[in-house]
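Line order of the protein sequences matches chains A and B. Quick note: the first sequence uses the numbering used here, first residue 1, plus one each step. Quick note: the second sequence uses the numbering used here, first residue 1, plus one each step.
Hint data in this document are derived by calculation from the structure and do not stem from the laboratory. It should be emphasised that the depicted structure is a prediction, and the values quoted were computed from it without experimental measurement. Keep in mind that the hints are not guaranteed to be accurate.
[What the hints assert, rightly or not] Derived lysine-lysine pairs resembling DSS-like cross-links, with alpha carbons at most 27 Å apart: (1) LYS57/A / LYS70/A; (2) LYS97/A / LYS41/B; (3) LYS97/A / LYS66/B; (4) LYS55/B / LYS97/A; (5) LYS41/B / LYS66/B; (6) LYS70/A / LYS41/B; (7) LYS64/B / LYS97/A; (8) LYS109/A / LYS41/B.
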Amino acid sequence: TQLLEQSPQFLSIQEGENLTVYCNSSSVFSSLQWYRQEPGEGPVLLVTVVTGGEVKKLKRLTFQFGDARKDSSLHITAAQPGDTGLYLCAGARHTGKLIFGQGTTLQVKP
Amino acid sequence: GAVVSQHPSWVICKSGTSVKIECRSLDFQATTMFWYRQFPKQSLMLMATSNEGSKATYEQGVEKDKFLINHASLTLSTLTVTSAHPEDSSFYICSARGAPAGDYEQYFGPGTRLTVT
Numbered sequence: 001t002q003l004l005e006q007s008p009q010f011l012s013i014q015e016g017e018n019l020t021v022y023c024n025s026s027s028v029f030s031s032l033q034w035y036r037q038e039p040g041e042g043p044v045l046l047v048t049v050v051t052g053g054e055v056k057k058l059k060r061l062t063f064q065f066g067d068a069r070k071d072s073s074l075h076i077t078a079a080q081p082g083d084t085g086l087y088l089c090a091g092a093r094h095t096g097k098l099i100f101g102q103g104t105t106l107q108v109k110p
Numbered sequence: 001g002a003v004v005s006q007h008p009s010w011v012i013c014k015s016g017t018s019v020k021i022e023c024r025s026l027d028f029q030a031t032t033m034f035w036y037r038q039f040p041k042q043s044l045m046l047m048a049t050s051n052e053g054s055k056a057t058y059e060q061g062v063e064k065d066k067f068l069i070n071h072a073s074l075t076l077s078t079l080t081v082t083s084a085h086p087e088d089s090s091f092y093i094c095s096a097r098g099a100p101a102g103d104y105e106q107y108f109g110p111g112t113r114l115t116v117t
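Bound conformation, chain B alone (with noise of 0.2 Å):
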């Protein structure tokens, strides 16, 4: 159980575009997901916190026109970059906390490669 899917699992796009990524809670609903940033042989930096039927809540320092993040149901996020340039290029993942996974645990997706070129 307890199981994050994300799509896609790499994208390339040119930069000006805008990518979607997909977050999905396979197994359990979702009360709130995470997403997060990971550069090369870095830990985990948390850009926002989404609720479920509500606006997401951003880190300091993370733009969120840039990066906009809907979170529509109880088992679907979605993260939207938006004109993607160079330095936008990094690894997107997203986790779920909710039912049953508890209280404390979230489960994280297996991640997006975004490259920006």
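So here's chain A without its partners, still in its complex pose (with noise of 0.2 Å):
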């Protein structure tokens, strides 16, 4: 059982556009991370948002985490070629296990 559902999975756009990338869950989490991840490299921690409702801003990125804690999106503004590569939310546990989305793999077109 998947708890914690990514979308879209797979995401082709030309440069400057704008995209939202979302996970939801029917459980509760302590705190979501969101992560990037080229090919061949472990994924980077982008953000960690934590309080429901928050709302943290990383330049052209933009993450929120739902009031309930169960839901989190990332919205990227004006998508740059550097914006390529697979992001992955992840909702962290009490025990510290972190449960992992699909993941979106993004291509940004020049």
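Using the hints, build the complex out of the two chains.
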């Protein structure tokens, strides 16, 4: 059973377009993290959201944690080819384990 | 800060042999380390959780006798794939959690590509 549904799983857009990736769950998480992973490398942490309703911005990336701490979104404004990669959301359990979503493969064409 | 290294970055071994992968936290003490495997174009699958000085906790479906995990110090965990077979070929990634990373965050190593021929 996939506890964290991430969508879309694949996204191909033109440079300059905006996009949103969603992570949804029926479970409550103590925190939620977003990672970006390049081929052949480990995931790199982008942000951690902890408080329900929290919004964090990282340059052109905006992360939001749902009020009930069950869902999150990542919005990228004016995507650039350098944004290409695999984006992963991961919900943290109280045990410290991370539950990963399926991942979103983003391709930004110049 | 919060750098995690893995060694080797890639390894090719023959079927039936054993391979050891090291995971080190370079600038913090990792009270907990996690081991994942990842297949191409897929997400990470947690294999096991290891706490320093205690036995690892394996996820359902992961053979503990095949994937031996040792967390002997606060900066080092090892994963040994015993009697490797071609189906064990995968990208293995470790992560570490502990001060100063805080309670919420895991920092990931760069991964180890294992190919079993």
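Practice prompt. May I ask which of the numbered hints given earlier this structure violates, with the numbers listed in increasing order?
Written response: No hint contradicted; all consistent.
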